Amino acid sequence: MSKWKYGVIFLAFIVTHLAHAEPKNVIVILADDLGWNDTTLFGNDQFLETPNLERLAEQGMLYTHSYTNNPLCSPNRASILTGQTPARHGSIQPLHHLDNVRLVADLPNSAPSNRMSIAPHTVTRLDTSIPTLSSVLKQHGYQTAHFGKWHLGASPYSPLEHGFDIDIPHFDGAGPTGGFLAPWDFAPNLQPQTRGEHIDERLATEAGNWMAEVSQDGPFYLNFWAFSVHSPFNADPDLVEHFVEKRSPYNIQRSVVYAAMVKHFDNAIGTLLDKLEELNLTEDTIIIFSSDNGGNMYSVLGNIRATNNFPLRGGKATDFDGGIRVPTIISWPGKTTPNSISSTPIQSVDFMPTLLEGLGIPLPSQSIIDGQDISNTFTGNSPDPRPLINFFPVNAVVPDWLPPSVTVQYDGWKLIRSFEYGQSERHLYYLYDLENDVGETTNLAAEYPSKVHELDLLIQQHLDEANAVVPIANPNYRSGTFDYSSIGNPAEHWRLPVVDANNAPPQITAYASEQRISEGQQTSIRFYVEDAGNNASVNYRQVTGPEVELQQTEPGTLLITGPTVYTETIITLGFVANDSVNTSVKHVAVFIKPVESAPTVDVTSDTSSVEKGKSIELNITTADKNREPLTLAVSSSTVPESELTAPPLQGSYDVMIPADFTGDSVTLTFTVSDGTLQQSTDFTFSVSAPAAVVDNTSNNSSGGGTVRFWQLIVLLMIVWGRRTGISQRVVPGRLLSEK
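The opening position of the sequence shown corresponds to residue 1 in my numbering, with each subsequent residue numbered one higher.
Just so you know, these hints were derived from the structure itself, not from any lab.
A hint or two may mislead.
[As the list claims (entries may be wrong)] Listed next, the in silico DSSO-like pairs over lysine-lysine satisfying Cα-Cα at most 30 Å (straight line):
#, residue 1, residue 2
1, Lys586, Lys335
2, Lys451, Lys138
3, Lys24, Lys335
4, Lys138, Lys24
5, Lys335, Lys275
6, Lys586, Lys246
7, Lys335, Lys593
8, Lys614, Lys593
9, Lys451, Lys335
10, Lys335, Lys625
11, Lys275, Lys138
12, Lys24, Lys275
All of these numbers come straight from a predicted model, not from anything done at the bench.
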């Protein structure tokens, strides 16, 4: 075999390995207190503006049922980094900014005599002995940086001790002290570039600069953990005014300040995405976006709450879905179907094992991982049902609060166990059928005792296996002193202000006869208002979903017919009642089931023929109205299967025709499937004999051409080494003095 043939084989090996073995960059974007209904991702709001989150969702997969492992910030941040539930790592409350250092959860000696259980103390630092996503990636050659909120402990428990090369602004507090707009008391090393600059928008710029500095030296891992949208509540006044113009009493979301804060956060995401495109890194970068807990619906801004998690119940610091169900997107080029949706339940502890296993990096052997690799959801292959655990044994007297509890979700059911608060048995239980009761309005525990027992065994199994510190019965409890009617009622400082103590606001009752309907099916919305002064009027308006006709069949009754939709869609009606003093608002949601539609595939080319021994470039476009994960296969009766590589869902696809091909045409059949429905299309092109070539080769086989060829191979080897080698250098930067 000649040197050229050896060289061609080696060159093919180098190019193939370079294409398939190059490590992926990783970005984890984490919002603070951003609820499931605080974006436009699910089409549930006409008031908020999150175009860059929508842009990210178009690149990857949007998860409709993504859950945190605790309804507060620090515990879930620890779960993301360690892959462990709070029951195992011991962080159950965000007290990591306090001076007291506690690395192991324990039980206090006593509790007030009107509490039926003694709740455990939380750990107050993320122990550096626990392997984290950042420390593992750093060990495998990743350059690492943390930008934004941490709240897992100051040095020696800061990001710098958990595998990050840099940490900006190196702040250990719970929120942006003094506000989001410059100057920033909590970030003295960041000098504002403009008056009133927003901290997250500035951090996104700094993160982009860091990516530009390190991207040529191997893969990077970037934590962009925004301060938004945690309190204190403030934003650019001009942006606030923009939302004043959009405000409507019928909308689910009505806080103009909060809407502006969400917009600032979305702007920051846009900065990151723009930088990736500028650096040509979009296709080489995995992005996970999520939130640390549900929306903060207990803080009061004026006479309304900061946000509204409707149609979910509760919010931050509660065990209901409003506190733990969050928007999540995973964009993994080459793996996730662009603009797809998954309804598979996932949880925060899944991010670490999914990333490590997908990158070919072993899970840390010295640590137990509670999450699982969810990459099978990328192709629509949902895993078997498994228990999702939310551990929150905390007394947090916010709206919809429960006594110290643990929650399990399994196969469409949800069980909440409030430790030691049972009346006829040891614990107090709440059981919900989430498929048919999204708002968790009806406790089915008494009706389905066997289901309670089944799910409670799953809870106990995890608590035992994790060696969790759980609440115990309070020996000093004075019988009868706990007021069960207080459950769910907020403490005084979380209550909405009363406009007139002598004039109660009107009470609106509104509900749907069927909460979930199909195309063409009808449901009735019944509504009425009760007002002590008998002078309240009620009006209504559709605020989300495709416009439908609201037929008033009789006073207080509306009829809705399910429209044609291809993804689950929520139609929301807003009801507003006013008397001379007060205004009340009520919303009703109707879920529209999607119509199944087969995906489509389109194949084109700039040419209709190709010579033997050469390749033809095809352009592939797939689409699916249902936004389901897709698979695409190609087959041919004339080209051997070994000659056909897997085609992409979108983009160019090269087909090489063997030099010894005997036919005069090729027909390729492309079949796209969503796992249930499929569609095929054929593409045919002609094949001709190669054009005659003049042989100008000389006998000097060791001439300059061969030298240049081997020089090219050496150059490729150098590039390969740079892109796949381990870079351990510390990268200095403009603001990297925080190290």
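Is Lys138 close enough to Lys24, meaning Cα to Cα at most 30 Å? Roughly 13 Å separates the two Cα atoms, so the pair holds.
What's the verdict on Lys586 and Lys246, does the C-alpha distance respect the 30 Å limit or exceed it? holds (19 Å)
Going straight from one Cα to the other, do Lys24 and Lys335 come out at no more than 30 Å? holds (12 Å)
Verify the proposed pairing of Lys614 with Lys593, using a straight-line Cα cut of 30 Å. The given pair, whose Cα atoms are some 48 Å apart, is violated under the 30 Å limit.
Take a quick look at whether Lys586 and Lys335 sit within 30 Å of each other, Cα to Cα. Roughly 42 Å separates the two Cα atoms, so the pair is violated.
Lys335 and Lys593: Cα distance at most 30 Å? Satisfied, since the Cα-Cα distance of roughly 27 Å is no more than 30 Å.
Straight-line alpha-carbon gap Lys451 to Lys138, limit 30 Å: Violated, at about 44 Å.
Holds or violated: Lys335 and Lys625, Cα atoms, limit 30 Å. Within the cut-off at roughly 19 Å; holds.
Is the hinted pair Lys451 and Lys335 satisfied, with a Cα-Cα distance of at most 30 Å? violated (37 Å)
Given the hinted pair Lys335 and Lys275, is their Cα-Cα distance within 30 Å? Between Lys335 and Lys275 the Cα gap is close to 22 Å, so the pair holds against 30 Å.
Are Lys275 and Lys138 close enough, with their CA atoms no more than 30 Å apart? Given that 30 Å is the threshold and the Cα spacing comes to 23 Å, the pair holds.
Going straight from one Cα to the other, do Lys24 and Lys275 come out at no more than 30 Å? holds (16 Å)
The structure fails to meet hints 1, 2, 8 and 9 from the earlier list, while all remaining hints are met.
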